[in-house]
Amino acid sequence: MSNEFHIVVCGSIVPDPLQTLEPVQGAQGPELKNEMMLPAVLDPWAGHALYEAANLAAKNPGSKVWLVSLGPKAKLQQVMMNIAQKVPFELVCADGSASGFTDSFEVATVLAQSIEGIQGLDKSKLLVFGGWQSASRGSGAVMQMLGELLGISEQFQGVDKLTAGDDGSLEIMERIEGGAYQVSACNGTPAVLGWATGELPEPPNNPQVGMQNMRLVMPALQQAKPADVVQGSSLAFAAVELPQQRRETRVVKDMPVEDMAREIVEWLNS
Amino acid sequence: MSTILYLAHTEADGTLAKISREALTAAHQLAAGMGAELAVGLVGEDVGAAAESVAGCKARFLGVSGDAFSQGRYASDLAAAEALFKAVNPDMVVAPASFRFSRAIPGLAVRVQGRVDTHLTGLEAKDGKPVAKRWFYRQRMVGEFSRDERPWIVTVDAGCFEAFEESGSADVELVQVSLPEMRTTVTGIQAPDADEQTIRPDAKTLLVAGAGWTKKQADGQSHVDVAEEVLMQFLGATKASLGSSKSLVDISGEGQAVISFLTHLHQVGQTGSTPRHAKGLATCCHGEEPHVVGWRFINERRAINTDASCGWAQGKADVLYVADAFELMKKVNELL
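One line per chain: the protein sequences are A and V, in this order.
Residues 1 to 270 in our numbering are what the first sequence spells out, letter by letter.
Residues 1001 to 1336 in our numbering are what the second sequence spells out, letter by letter.
Errors might be hidden in some of the hints.
Far from chain V by the CB rule (all over 10 Å, computed), these chain A residues [as the list claims (entries may be wrong)]:
id	residue
1	Pro72
2	Val79
3	Met81
4	Gln85
5	Glu90
6	Glu116
7	Asp160
8	Ser233
9	Ser234
10	Arg250
11	Ile264
For lysine-lysine, the following DSSO-like pairs were computed, each having C-alpha atoms within a straight-line distance of at most 30 Å [said to hold, decoys possible]:
id	chain 1	residue 1	chain 2	residue 2
12	V	Lys1126	V	Lys1239
13	V	Lys1018	A	Lys253
14	V	Lys1204	V	Lys1331
15	V	Lys1204	A	Lys253
16	V	Lys1133	V	Lys1216
17	V	Lys1204	V	Lys1330
18	A	Lys86	A	Lys161
19	A	Lys64	A	Lys161
20	V	Lys1330	V	Lys1216
21	V	Lys1086	V	Lys1018
22	V	Lys1129	V	Lys1018
23	A	Lys253	V	Lys1279
24	A	Lys253	V	Lys1331
25	V	Lys1204	V	Lys1129
26	A	Lys33	V	Lys1216
27	A	Lys253	V	Lys1239
28	A	Lys75	A	Lys253
29	V	Lys1279	V	Lys1216
30	A	Lys64	A	Lys125
31	A	Lys33	A	Lys64
32	V	Lys1331	V	Lys1216
33	A	Lys73	A	Lys123
34	V	Lys1331	V	Lys1018
35	A	Lys253	V	Lys1215
36	V	Lys1279	V	Lys1239
37	A	Lys253	V	Lys1133
38	V	Lys1239	A	Lys161
39	V	Lys1126	V	Lys1216
40	V	Lys1126	A	Lys33
Keep in mind that the hints were calculated from the coordinates and are not lab data.
We put the CB at the ideal spot given by N, CA and C, even for glycine.
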């Protein structure tokens, strides 16, 4: 026996982690230097959530996955060309800033409005997935506020494993201090899960899935509603700066290995 | 006069964790700087001992206690936080960024029509107004900010303030909470074995294992079994935390041999944790931008690499040993 889930994954884009980032002062607050030129990727934690959602949906026929994303639609389109080849989903997007300097409350509000507007979404079957943090703001706060705005008080953060029982119950493993997990049993949907890394590798590209997804992705991008996540907040930055600390590295290369080992041990024991 | 509500939860033994006492220092200092009243709200099975352990802060003490609050659960923790909030009606809420409260406290912002900022690394009063500091883009840039919305709810990261230590006698006003229908039950904790290596906040040293440990060596073969033995010997002798780069964790998906005891829980950096240890020793890592993030809060840093111009180490480590990590770490283990 299987369950039908309506899984909404919230995930936006972030600058490619290999890029060097530099903050600058923009008209509406801090921005990244050349932000629109930086190559973007799907936020890594949101990616884990998406792959777990697709896996859960594949195991439970009749389930469906939506990816709800807030970001500049031109950049979203570039990222979706790649992500759409990974797993089946339907895109819902809001055209606005994906900056790490935006207010998490405003972001949660836009996401809640986007989810409320999804046609055919059955809230009794709803699982809201997302990253427990992002590689931009990294607040770990959006999912909880989004759940509250949607009226869902069964929430889990730092999730690495979700097991759905035949009776619709959910067993969830959440990260807690000391490399341990808290295991919880929830009697079913609706629930909010902020994912850590999960247990699945990144799926390989599948051009067939890509073709299928892109039929819906392009209209979704064209219909994206503008979302202003800056005006509604009083969040004011006095400064944003890179840490200036640069260490004078002592390079040790012409020393016998025994002496290097002795030096390391003395340092460890000091 | 404004009021600051400090919220914390007790641990399984009824005490307050170090991160919670650090957040109390932040709240106490902020209240002094703002000329505000401080209220302490505690959540747990029994909050009496925890209240007395920090009674020296001379605040009004409130508590939510009972079996339902012995373990972290979003719905019950948030209901407790909301009840404490309504009993005090503060302008600001300061809480520790523990896993338990990081899960629950952001939801309070919606319940009380406030705003939340998390993982603060600094919090102080400037001209009588609260100003916060936190990192953005995964510890790559730091920002100082303020906001006008009230109530303002903040959580404070570990290691940024001294832990509050003044104990005394406390009268705790117990606050009743009417819980909603609970659909979630905490069924247990899965903790690693005592000798299993992971990232431990209390460890003095972090050993970071890079992908080089699984690569082909001079004889054209990879020696993952030897790498595992060398790393485990070191960890056994030093009781260090073990971290790894993302690439080392993820290469299992590429069909490569991997170090068996490394998981995503060990991952440090852009998509992993950013541990705070006094010392860090990086081995076989190479220097890409995400690695800098994992290094951010390590005070003394040394690295072992065969490349003298290794980007991981140059400008980021105090000492770079240009050597074969297999050979050097074996010698280190012999001396430990």
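Against the structure, the hints come out as follows:
Once the 10 Å rule is applied to beta carbons, proline 72/A is consistent with being away from chain V; the minimum gap is 17 Å. With a closest Cβ-Cβ approach of about 16 Å to chain V, valine 79/A is found to remain outside the 10 Å limit, as its non-interface label requires. For methionine 81/A, the shortest C-beta to C-beta distance to chain V comes to about 22 Å, beyond the 10 Å cut-off, and the non-interface label holds. At the 10 Å boundary, the C-beta of glutamine 85/A stays outside the reach of chain V, the nearest C-beta of that chain being 16 Å off.
For glutamate 90/A, the condition that its CB be more than 10 Å from all CB atoms of chain V holds, with the nearest at approximately 26 Å. Every CB of chain V lies more than 10 Å from the CB of glutamate 116/A, the least distance being 15 Å, so the non-interface label holds. Non-interface status of aspartate 160/A relative to chain V is broken: a Cβ of that chain comes within 10 Å, the nearest being about 7 Å off. A Cβ of chain V approaches the Cβ of serine 233/A within 10 Å, the least distance being about 7 Å, so the stated non-interface status is violated.
The beta carbon of serine 234/A sits about 4 Å from the closest Cβ of chain V, which is not more than 10 Å, so the claim that it is off the interface is violated. Against the 10 Å criterion, arginine 250/A falls within the reach of chain V, whose nearest CB is about 5 Å from its own CB. Isoleucine 264/A, annotated as away from the interface, has a beta carbon of chain V within 10 Å; the closest lies near 5 Å. Proposed proximity of lysine 1126/V and lysine 1239/V is contradicted: the alpha carbons are some 42 Å apart, above 30 Å.
For a cut-off of 30 Å, the pair hint linking lysine 1018/V to lysine 253/A is broken: about 41 Å separates their Cα positions. For the hint pairing lysine 1204/V with lysine 1331/V, the CA-to-CA distance comes to about 21 Å; that is within 30 Å, so the pair holds. About 26 Å separates the Cα atoms of lysine 1204/V and lysine 253/A, which keeps this hinted pair within 30 Å; it holds. Of the supplied pair hints, the one linking lysine 1133/V and lysine 1216/V is violated, its CA atoms being roughly 44 Å apart against a limit of 30 Å.
Taken as a hint, the lysine 1204/V and lysine 1330/V pair is honoured in the structure, with Cα atoms around 21 Å apart against an allowance of 30 Å. Restraint check for lysine 86/A and lysine 161/A: the C-alpha separation of about 20 Å stays at or below 30 Å, so the hint holds. Distance check on the hinted pair: lysine 64/A and lysine 161/A sit about 19 Å apart at the alpha-carbon level, within 30 Å; holds. A distance of roughly 18 Å separates the Cα atoms of lysine 1330/V and lysine 1216/V; the hinted pair therefore holds under the 30 Å criterion.
Simply put, lysine 1086/V and lysine 1018/V have alpha-carbon atoms about 26 Å apart, close enough for the 30 Å limit, and the pair holds. As the CA atoms of lysine 1129/V and lysine 1018/V are separated by approximately 26 Å, the hinted pair is consistent with the 30 Å bound. A hinted pair counts as satisfied when its Cα atoms are at most 30 Å apart, and lysine 253/A with lysine 1279/V qualifies at roughly 21 Å. Between lysine 253/A and lysine 1331/V, the direct Cα distance comes to roughly 16 Å. Compliance with the 30 Å bound is thereby established for this hinted pair.
Note on lysine 1204/V and lysine 1129/V: the hinted pairing is violated, with a Cα-Cα distance of about 36 Å set against a maximum of 30 Å. About 39 Å separates the Cα atoms of lysine 33/A and lysine 1216/V, which puts this hinted pair outside 30 Å; it is violated. Between lysine 253/A and lysine 1239/V the alpha-carbon distance is near 28 Å, which keeps this suggested pair within the 30 Å criterion. Of the supplied pair hints, the one linking lysine 75/A and lysine 253/A is violated, its CA atoms being roughly 45 Å apart against a limit of 30 Å.
With a C-alpha separation of about 29 Å, the suggested pair lysine 1279/V and lysine 1216/V falls inside the 30 Å cut-off, and the hint holds. Straight-line distance between C-alpha atoms of lysine 64/A and lysine 125/A comes to about 10 Å, which keeps the hinted pair within the 30 Å bound. In summary, the hint linking lysine 33/A to lysine 64/A is not supported, as the alpha carbons are separated by about 38 Å, beyond the 30 Å threshold. Between the alpha carbons of lysine 1331/V and lysine 1216/V the distance comes to roughly 21 Å, so the proposed pair stays at or under 30 Å and holds.
Distance check on the hinted pair: lysine 73/A and lysine 123/A sit about 27 Å apart at the alpha-carbon level, within 30 Å; holds. For the hint linking lysine 1331/V to lysine 1018/V, the alpha-carbon distance of about 36 Å lies beyond 30 Å, and the restraint is violated. For the proposed pair lysine 253/A and lysine 1215/V, the alpha carbon gap of about 22 Å is at most 30 Å, so the pair holds. Restraint check for lysine 1279/V and lysine 1239/V: the C-alpha separation of about 13 Å stays at or below 30 Å, so the hint holds.
Taken as a hint, the lysine 253/A and lysine 1133/V pair is broken in the structure, with Cα atoms around 40 Å apart against an allowance of 30 Å. For the proposed pair lysine 1239/V and lysine 161/A, the alpha carbon gap of about 28 Å is at most 30 Å, so the pair holds. The straight-line distance between the Cα atoms of lysine 1126/V and lysine 1216/V is roughly 56 Å, outside the 30 Å bound, and the hint therefore fails. Between lysine 1126/V and lysine 33/A the CA atoms are separated by roughly 29 Å; this keeps the pair inside 30 Å, and the hint holds.
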